Amino acid sequence: MVYPERLRSKCGHSALFGMYLESPNLIPYALIGHIWSSSANTEICVIRPWRHYWIRGVSMRISIMLGLLLFLSACQQQDEVTLADPINPSPVVATVNGITIHESDIDLELALLPDEMNRYRNDVHTRAHIMRSLIRRHAISQKAREMGLDLDPATRQRIENASRQILIEAARQWQLAHMEKIQESDVTAYYKQHLAEFAVPEQVHARHILVASEEQALAIIKKLRNKGDFAALAASESLDDSNKSRGGDLNWFQRGVMVKAFDDVAFELKENGISQPVKTRFGWHVIEQLGRRSAMQKPLDEVRHEIISILEKNQLDRWYESVEKESRIKVLDPAYK
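For any residue, its number in our numbering is found by taking its place in the sequence shown, counting from 1, and adding 3.
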């Protein structure tokens, strides 16, 4: 039984990914050509003339994105279960030992591409690339079954887990499509009842220089009053390594984010005001306030989509709970009750 070892050595995830980085144009072809060539009985029929389009016509950027996408997709689906082909009105573009590959299968893979790749979704070279990857994945999964790899208990468990996740997502999508539609009155009511969720508290923008002693802090304040550069002093003098490279900039923050002594001074300062030395458990701070934002309430229009998502999730959660209640469940280990 040489096949399992060959499969692991040629298609191990780390080896495959490492080789991909060195030569992205080879994925998903050359690296698994060993298995492809070992399967002399594989019957492949390309229905449409995709064979005229090869990866050379695709830019390196497309190749990299698709290679990563299809590699990750193959990792998730490598234990693919071959089921009877359902009625699919989408045109058949290829078959692998009688298993059909449809235009819609290519569309599903393209749907996983990031938005920035939208312009390539109808590009024939890109679609040909994906079709060849689907062919190879079908051929390899079928070969794995011939080798009996689907009988391995760990593999069977992974297939079962993948199947369960697919069904869960299908159920979620079905429920979203069939549940009661969210009305504008529901959105408005939720907004009015949860105003605090959409309130933005007062914020200040500040930067600081942290030193070990009050004397050092006073010396820095003196330099600043003599037109010293705050950012340069922070870079050279501050003990706060997390932001000294940014000139001590702490960005915008609301009350409660910093320790109380620091908060109190930062919020009391006027814009561009510099503090006296401030003692905290971290050391001594010199603080400059750079700006202030008053508390505000986000308008409904700004949070409408967020509220719709919340209401849809609430409906889904209620449906999940009802499905669970309908099930016969026994928790056998008392520790989990």
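Just so you know, the hints here were simulated from the structure itself, not pulled from any lab data.
Computed from a prediction, not measured in an experiment: that's the story for all the values here.
Certain hints may be false.
[What the hints assert, rightly or not] Derived DSS-like pairs (lysine-lysine); straight-line CA-CA distance at most 27 Å:
(1) K273 with K247
(2) K273 with K184
(3) K195 with K184
A quick look at each hint next to the structure:
{"no.": "1", "hint": "K273 with K247", "verdict": "23 Å, holds"}
{"no.": "2", "hint": "K273 with K184", "verdict": "49 Å, violated"}
{"no.": "3", "hint": "K195 with K184", "verdict": "20 Å, holds"}
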